[in-house]
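Protein chains: 2
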Amino acid sequence: MNVSTAPPLARLLEPIRDELARVEAEIMRMTSSRAAPLQALLDHVGKFAGKRLRPALTIVAGRMCGGVGPDHHTVGAIVELIHTATLVHDDILDESAMRRRVETVSHRVGNETAVLLGDYIFATCFKEAAALEDRFASRYLAEIVGVVCRGEILQVHHRHDVEMAEETYFRIIEDKTAALYAAALRCGAQLGGASAEQCDALASFGTKVGSAFQIVDDILDLTGEEDSVGKSLGTDLEKEKLTLPLLRLRERATPGDRERFAELVRSHDPENRREILGLLREYDAIESARTTARALVEAAHHELRAFPESAERNLLVQASGYVLARDR
Amino acid sequence: MNVSTAPPLARLLEPIRDELARVEAEIMRMTSSRAAPLQALLDHVGKFAGKRLRPALTIVAGRMCGGVGPDHHTVGAIVELIHTATLVHDDILDESAMRRRVETVSHRVGNETAVLLGDYIFATCFKEAAALEDRFASRYLAEIVGVVCRGEILQVHHRHDVEMAEETYFRIIEDKTAALYAAALRCGAQLGGASAEQCDALASFGTKVGSAFQIVDDILDLTGEEDSVGKSLGTDLEKEKLTLPLLRLRERATPGDRERFAELVRSHDPENRREILGLLREYDAIESARTTARALVEAAHHELRAFPESAERNLLVQASGYVLARDR
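Chains as they are written, first to last, in our numbering: chain E, 1 to 328; chain G, 1 to 328.
Hints are computed from structural coordinates only; laboratory data are not their basis.
Just so you know, these numbers come straight off a predicted model, no measurement behind them.
Every residue gets a Cβ at the ideal spot worked out from N, C-alpha and C, and that includes glycine.
You may find that some hints are simply not true.
[Unchecked claim] Pair by pair, the computed Cβ-Cβ distance ranges are:
hint, chain 1, residue 1, chain 2, residue 2, range
1, G, E103, E, A262, 26 to 36 Å
2, E, E197, G, A36, 50 to 60 Å
3, E, E282, G, Q39, 33 to 43 Å
4, G, T254, E, D269, 32 to 42 Å
5, G, D134, E, E166, 11 to 21 Å
6, E, A262, G, G46, 55 to 65 Å
Generate coordinates for the entire structure from the input sequences, incorporating the hints supplied.
Structure below.
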């Protein structure tokens with residue numbers, strides 16, 4: 001498909017608007033507390049509300065595999081809140097001031113409260129998952145949160161590692177980002193009563209699209225404008241996080257440029273961002289990373305071949321185009 | 001009972017040594033990972049291993065209510081690891097360098113990794129709980145983690161609040177500390193097949209003893225010696241955390257001393273600790289807090305009246321004496 005003409009996500013999700021409204025009601029229910037200071041924090045976090053892409057995947061997977069019931073709305077809300085909790089904690093890690101044009105919790109009320117609030121939201125997710133009739137989601141989602149944390153721990157571990165293998169990069173983004181996309185789809189399929197093959201195919205679609213999403217995110221952190229992306233940028237370089245464009249630059253550079261690149265990364269000087277961007281352009285490193293993201297999305301489409309043509313299958317294909325086209 | 005002659009906890013727990021060894025094996029199993037950087041972190045956290053008081057409560061409650069099975073060992077391990085995860089996150093909050101004579105995770109590898117490691121351990125706990133045949137523990141423990149977080153959030157919210165009500169203090173310590181003691185006992189009873197009355201009585205015992213434990217902890221933070229207690233002290237004053245001895249001092253002080261007290265608390269000057277200790281002595285504020293802890297333990301014993309005399313009931317009584325007598 002032609003990526004540059006991808007319709008906005010909101011229009012794509014129009015056919016499942018009513019289902020997403022039910023997910024929203026579940027999110028509101030789960031983030032209610034009688035303790036006023038806690039409610040104030042939960043209300044603030046509510047302002048980060050994103051595109052609800054993950055619950056949309058749960059709904060769509062359900063529709064593709066036997067239908068959507070109330071548990072889909074609950075699980076969609078849980079998956080979204082797991083994502084929210086990781087964002088609250090990520091902002092501590094990144095020391096970011098802004099997230100989706102809203103002040104981060106850590107910046108607003110301090111790291112201590114941000115740690116506790118993230119923990120509280122995680123606990124809420126697990127409580128809600130444990131209350132579902134079907135026991136699958138409860139076991140599986142707790143495992144996935146562990147995988148997400150493992151990916152982030154590996155990422156921190158490999159910071160400053162200018163020699164990090166590309167294989168390690170892909171393992172990290174599969175764990176920290178793609179695993180939750182895969183989980184959103186797998187839960188939706190499983191709750192709909194899908195076969196093991198259908199569950200695996202949709203999860204695999206999620207892994208590939210989720211990895212592509214992270215690659216695009218990493219590109220935007222290097223090349224985007226804060227105004228348009230709506231969050232603090234340049235944090236990867238600041239933290240010496242070697243993302244795919246930087247790894248591609250390292251692979252392609254002459255020994256001299258490679259040495260200069262390592263120096264620039266280690267310098268922590270924001271002034272050097274311009275020179276790094278120059279090198280990225282010179283070696284077509286951004287384009288190389290973008291090509292990999294595109295290939296992942298195409299491979300994801302291939303996972304859908306066993307499903308008959310349908311509005312939902314088409315929505316997944318279009319949504320994956322959005323992942324490539326987005327500028328924020 | 002005469003508190004000053006309370007036997008050491010290790011001797012008290014001798015009769016359930018074999019059960020605790022099974023809990024230990026479960027903890028080892030749950031904290032194994034094939035990802036080497038993660039395993040190194042889990043090994044470091046293993047060095048914090050405390051007195052295993054919470055799993056001991058699960059075992060004892062099981063024995064008092066129908067017997068102990070493999071699920072008791074699993075739940076005991078989960079409760080202990082929930083406690084461990086909160087410690088890893090607390091050390092970020094407290095910016096402490098030492099915990100049980102071991103360097104804290106946050107001090108050793110930074111706040112980012114400490115946040116993620118705590119999250120990973122929480123996720124592991126919920127995964128293990130969800131895998132149990134009995135669904136009670138899974139739902140209940142997730143709820144309790146939420147309660148613990150809520151208590152800590154309230155505590156941070158009321159910092160610098162020199163006018164905090166005593167009632168708020170008790171709500172905070174019930175949530176942040178006592179809830180997990182109560183949970184350890186309630187799970188043990190429930191898995192043993194106890195009646196609702198038995199479960200409630202043991203949980204209530206846990207709430208009261210857990211609150212007493214926290215009061216003693218708060219006293220030690222003011223009066224203890226770091227060498228003997230084995231963790232960073234004086235952090236409550238540093239953070240303007242109004243604990244029970246300070247609240248009692250505030251209630252009893254003359255208007256002039258009360259004003260001086262508020263000044264001293266707000267000054268953040270470690271040199272002022274000596275003057276605050278002087279005021280605490282002058283108004284018998286430490287002794288007043290200790291009397292409340294003692295009354296809570298006595299009320300806890302009263303909760304055990306419906307259980308017949310047994311070695312296990314006696315162990316609970318003796319363990320609660322340890323809570324009062326401990327100097328670390």
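- Query: Looking back at the hints listed earlier, which ones does the structure fail to meet?
  - Reply: As far as the earlier hints go, 2, 4, 5, 6 are violated by this structure, in ascending order.
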